[in-house]
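> In case you want the letters, here they are:
2 protein chains.
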Amino acid sequence: MMNKYIDLVNENLDKFMEVVYPEDIFKSMRYTVLLPGKRLRPVMCLETCRMFGGNIEEAIPAACAIEMLHSQTLIHDDLPCMDNDDFRRGKPTNHKVFGEATAVLAGDALLTFAPQILTKNSKNLGAEKLLKVLEEYFQYAGAYGVIAGQVIDIESEKNYPENPEETLKYIHTHKTADLFKLSVRTGAIIADAHEKYLDIITDFAQKLGFAFQIADDILDETSTFEEMGKTLGKDKQAGKLTYTNLYGLDKAKADLNKLLDDCEKLLADNDLKSEIFDQIIKKIRIA
Amino acid sequence: MMNKYIDLVNENLDKFMEVVYPEDIFKSMRYTVLLPGKRLRPVMCLETCRMFGGNIEEAIPAACAIEMLHSQTLIHDDLPCMDNDDFRRGKPTNHKVFGEATAVLAGDALLTFAPQILTKNSKNLGAEKLLKVLEEYFQYAGAYGVIAGQVIDIESEKNYPENPEETLKYIHTHKTADLFKLSVRTGAIIADAHEKYLDIITDFAQKLGFAFQIADDILDETSTFEEMGKTLGKDKQAGKLTYTNLYGLDKAKADLNKLLDDCEKLLADNDLKSEIFDQIIKKIRIA
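So the sequence lines, in the order shown, correspond to chains A and B.
At position 44 of the first sequence the residue is numbered 1049 (our numbering), and the sequence of numbers has no breaks.
At position 170 of the second sequence the residue is numbered 1175 (our numbering), and the sequence of numbers has no breaks.
For reference, chain A alone in the conformation it holds in the complex (with noise of 0.2 Å):
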């Protein structure tokens, strides 16, 4: 099941993006997009459609504009000026590939090329739904989402804060949960879902977010690059501001572990049955 919902993903992503001239722009979008991943993103938006009995059909073009924007905050993200980071995903990072300027463009054309697939491949879900939709996009992507979380981050870096557990908080929740939280409110509003399980569903993205980040600062502790294909242990050492640097190794578990068992309650106080969320809390658990 999870395996089809990637798949699905992947084949689409590669339909949507064709090459066509300038080459340069999209061959980079595309070599940020399409290198291997979990598709977490778009799976959650997928999943979340199917639970509310939508069609996971009408929810492609959306998912994988989702993953065409988690992919822009990665291209900005491992610039020279940002995170400066030359792998991602094992690979060498966008910048390193394709130059600087190619790769601040390529990100800068994901942000509106991503709504664009979207509109055009989602007109069935009429006028009134796809703007909702969109609006969903605009609020999580923007200066009050993703990008708000990026701005505290690279804050905190330069003077490290007065609230470290607050500001903490605040860079989770915009930088990693907010996309979480599109993705989940993106396939229920797609499904029609009753406005009483945006919330819950939110409340489960926030927390799934959280738990996925915390699970994230461990392993840039205790994994390799191999198992990460990535640069790890920069931010044990720059003293960074990170769940492990600030509250240490076991209560970071302890923590991560009860945010989901706080998902699972969710899912099942409410009855709503996912084998997708309960694999992807099961992988997100460290023992």
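No lab work stands behind these hints, which were simulated from the structure alone.
No false leads were slipped in.
If several chains are the same, the list does not tell them apart, and a pair holds so long as it fits within one copy or across any two.
Here are the computed lysine-lysine pairs in the DSS-like style, where the Cα-Cα straight-line distance is at most 27 Å: (1) Lys1288 to Lys1256; (2) Lys1288 to Lys1270; (3) Lys1201 to Lys1125; (4) Lys1128 to Lys1201; (5) Lys1245 to Lys1101; (6) Lys1245 to Lys1174; (7) Lys1174 to Lys1032; (8) Lys1032 to Lys1245; (9) Lys1137 to Lys1125; (10) Lys1163 to Lys1032; (11) Lys1163 to Lys1101; (12) Lys1256 to Lys1245; (13) Lys1009 to Lys1020; (14) Lys1212 to Lys1245; (15) Lys1137 to Lys1020.
Assemble chain B onto chain A, guided by the hints.
Just chain B now, with coordinates in the frame of chain A:
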């Protein structure tokens, strides 16, 4: 009349761009968007709307969104990895004031903030028309529009192109004329102009944008920093692909004025009367 439009645009840009937490990103966005400028693109949007009998109040959010998009291209074009410019409209460029990381993120934020503002404040257009306007935005803002022009511009700087005339036409069409086209098309769509006028006004904006860029190339050679507010003569020195480097000053001036004559004829032939466009054409002319 022109000043009334400019004031309206400035007031609304200021109103739409409220500084909230995280303040740095909103301050950085505001910094470039609110630099005093001619507001040529939003003015064209409002005037086209008026010319086709529309209510300009309805076009204000779209006009402001186009100015934000234009500012986004300025912020990223000025980055060290692009044109590496220190001044813009007589002031230090965005990354000189806020740093490179924030400048990249401010540009990113504007790309989704612009359509978000447009969507939030144009509900009275109805979902169908609003979607049409958004589709124009996605088309001209992205990899098929202004970014395509920027990519080829950068590539032609690295390697002088085999077909310089064609390449230059492509760059001017996308990097400059596409935002002009977006401006007039958006105004026309909001005014419910007849389909045939969309083609005419697009042709008009293509010619006007082209003329505008030729004038810019001429002024880059013949003007001063004080007049233009940016470092000049860099293109001449670098042997960059520009209209004046390719055809010489005399032919550039002649072609510029021929294009502006065509613009005037297009309006007259189609019985489109506009003092504002007459003024814009007059301002672009170089004796």
